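Q: Let the hints inform the model, and build the full structure from the sequences given.
Protein chains in written order, with the UniProt record's numbering: chain A, 1 to 292; chain B, 1 to 462; chain C, 1 to 276.
Covered stretches of chain B (chain A as the covering partner; in silico rule of three or more C-beta atoms under 8 Å from a C-beta of chain A):
#1 99-110
#2 113-119
#3 127-136
#4 276-282
#5 427-439
I should point out that these hints are in silico values taken from the structure, not numbers from a laboratory. Quick caveat: nothing in here was measured; it's all calculated off a predicted structure. By construction, the Cβ of each residue, glycine as well, lies at the ideal position given by its N, Cα and C atoms.
Each chain, written out:
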Amino acid sequence: MKNALRNPAAYLMFIIPTIALYGLFFLYPMFSSVFYAFTNWNGLEETKFMGWANFETAFGDRNFRSAIINNMYFIVFSVGLQVPVIVLFALLISNVKRFKGFYKTTVFIPSILSTSVIGILWGFIYDPDIGPISAGLKFFGIEPIYWLADSKWAMIAILLTNAWQWVGFYIVLILAAILAIPKDIDEAAAIDGANATQRAWYLTIPLIKPIISVVVMLSIAGAMRVVDIVLVMTNGGPAGSTEVMASYMVNKAIKYGDYGYGMALSIIIFAFALVFTAIYQLTLGKTERIEY
Amino acid sequence: MKRNATVMLTLILAMSTLLAACGGKNNNNGTASSSASSSASAPASEAASPSEETVEPFTVSLRHIQIGDPQKFRKAILDEVVKRTEAEVPGVTFELDGIEDAVNRFTKLPAEMAAGNPPKIFDLFGGNADALKYAKAGRLLDLTPIIEELGIKDKFLNVFGQFTLDGKIYGLPIGGSVEGVFYNTELFQANGLNAPTTWDDLVKAADTLKAKGITPFAMGSQAAWVPNMLVGTLVGRYANGFPNGIVTGDVKWNSPEVVSAYTLYQDWVKNGYFTKGELGKSYDDMLNDFAAGKAGMMFDGSWRSSAFKEGAVAAGMAGKVGFVALPALPNAAGDQTSLNANFSNGYGFSSDLDENELKAVTSFIKNLYNDEMQLRGLLEDGVLPSMKLSDESLAQVTDPVVKQVLDVMKAAGSTFVHFDAIAQKPVYSETELQLQKLIAEKASAQEVGDAIQKVQEVENSK
Amino acid sequence: MPASLKKTIPHIVLMVYVVIILFPFVFVVFSSLKENNVEIAQAPFAFPKALYFQNYVDAWVQASIDVYFWNSAYLGVSSAVLGVLLAAGTSFALTRMKFKFASKLIYQVILLGMLIPGNVLFIAQYILMMDLHILGKHWALFWPYTAGALPFSVLLIAAFMKAIPVELEEAAIIDGLSAPGLFARIVLPLTIPALVTVFIINFLGNWNEYLLASFFISKDALRTLPTGMVGFRDAYQTNYALICTGIVFSVTPVLILYAFLQEQIIEGITAGSVKG
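A: Encoded structure:
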């Protein structure tokens, strides 16, 4: 009777296009990466097998190490600072009665814009000569800060821009989870005399822990693969101070023409992402079931 | 008339040293021959097909870097050439693709070359890291037969040094340039300053301007090739045999001479001689700061002279701009009268042209590389010609800055090329990174020299 | 008094945040209507002295933003549509058809794709595009965009399809429907909410993608909005008013679209992330 669902031809028809695309554009590049990572391939000259040389170079490469540290900044900043702020704002929005829709709609706006346009927009905001921030500082008699030109500030400037873009997105995610909590639980607690802060802390936050966990995961993943905003705003500069792993990999491959080395770097980035995900899953994220 | 003849002579003399500089390095490995064969067969097939035959429409991609306002004169010349070529070759449409200079040179073109799909016509720099590298890989069209067929080979000055591999020419420089100091004559007069023709005057001018709250040198180091121009000339002042010696090992980046050049640069940074926040300033910002009188001087290529004419971006500066060579440095070992001069930028062509594309390319070359366009380039755009122009033509130069550029060339004892034409790509990229670190005061001059030399030795041993 | 204060404080905090969100837009719109850099620098917060619309004419003529916009739009839509359809078909086969072992294996392999940070494949994909001779064409973006979205899409749609009651399809099969018929006539319509979600997420991803677009496409006429705008900035880097105009052009259509679809977009994305 269920023959229709055992028809191998139909099964293949549904499966093969996906597997073919996935295999060609994902699996094949992944395996070819591994091969090229052991060569000095540059597209122009004869390719030689290099053994582990590229990987040895990578771990001795000071610039790559500082790129790794910059990715760590992204993780620390987005998990350590952004997540609490996100939760706080989500709780605030869920608690107000008026303008709830307005807030929800507005905070989400930056997330629909393309990162590169945001990079251009903020490059302008940070401009020391005519940008509004330096005009504001001038008003208080403070010397303009060379946000993107000063290696002390450039990383912070990018982190803030990145936060501006994504905080609203995560607020909306958490807000959805909060609003999905049945009303009567909250009301019962209120009748028992719990104030809003207590209810938020003891009731809402434990209930939305799974989604907070998702947000943390997404933040870590985002911090590991961040690249667009860096390429557009500083291209890793000034003096390599904002270089992240992915931008360094792209620049090494394209600008220096060293594709083999770039491949080795990309394998290392993949390994990093894997390790971080695993660590998180095994420790903090252990109790939750992560789904997205 | 006599003066123009001398100018001519200097041009030729100057550029012959270029050829000597690059000639030695062109070792051969046979890959280039594949590109030669495609073009060699072309004239014959052209003759075979009658011209009235209807041709399928086809497009030729053309990558140029003449975008934005400062480049508009160059763009106008290119547009005219494209128009004429389209009228001349049946069926052809040019697809112009303009992108920013550094993006093309350091990102797009290298990636396309590695992938083997460059545009058919593209803006190309000469030297080991660009034209010669691509030529070795067989990506560039051998232009020797085309310029011979067009009869223009001998019309060029001695300008092919950075584009010649095994006696074959792989790129046609559109013009030449020298690098030196532009200064704001009005500002200098108002502050009682002499033209920066001696080192003492230059330093005095910088200190005086600084004290007045004016930036001594406009600088835009966001892309490090810009400050690298000044570095190139400074190192040339200190170290004999630079830049050719870096690939032979005769000049070391961490030698005391080169390090003193970097030290001087960092001292200037510390003294506040350059635009504040230069690492965030673009090349165009640099021009703007100079044009707005925010800065008294800038070290730049002579091609910038076109910005100071009627109708150009910095037209307000017309008549107020002086140009001198970087003055002689006291107690430095290099040739103090030498000048950084280059015929390094022009057009290259893909080696995989079909018959029609080759016709279009030949016509494009004919329409771009001729007396008329060379003269237009010189008069409208301040580009020193890469081809021989008559004395009458040269006498038409009225632009005061271009005249000074020609004087500077005349006075030069010798010339040397920019080190981006000599250094291998990873080395040049390292100089950019290290220079930015030096400017950010994250590395000392010695550390910079050591870091670059390390990459240089790896490349030299390849 | 304290009660009303308690009510106002969250609003004050939130309003500050809203101002931070909106301020850059206002600033950019003002600046785009100013005549030159000097006017922007002198009064960055002020309303323009006279509304200078010439920037809009100039930017439109010089930047071909309309071309970039349509390139982005059609690439974004077409690859998101294809991705959703493929993922739906695959999800149907994996969850409803009776090839348990194969399905489990395939599902795991696809799951693996979720772990690969997209951009590490960048160079390898570049070489692949080169070998396929589609580098520099829109196909070079279309296929990676489509393929790149598959793991996530399959995951989400499969989760949704698992929940469809068996009785429905049994009835349909008794009526003589084949597997493709069952998929197209029964399962697909039931899955539409999940499909819309996946479509929106994929579309926004494609619409905003920069890295591949900037290296796989060279010709100006083929550029997408993110890379086209960066090229525009590079060309007019010191004309801030003109750049601001470019930003306004590139952002406005998205904002208008968002104004109409904000319910669906927000619902879609939250549904995708929260339920799954």
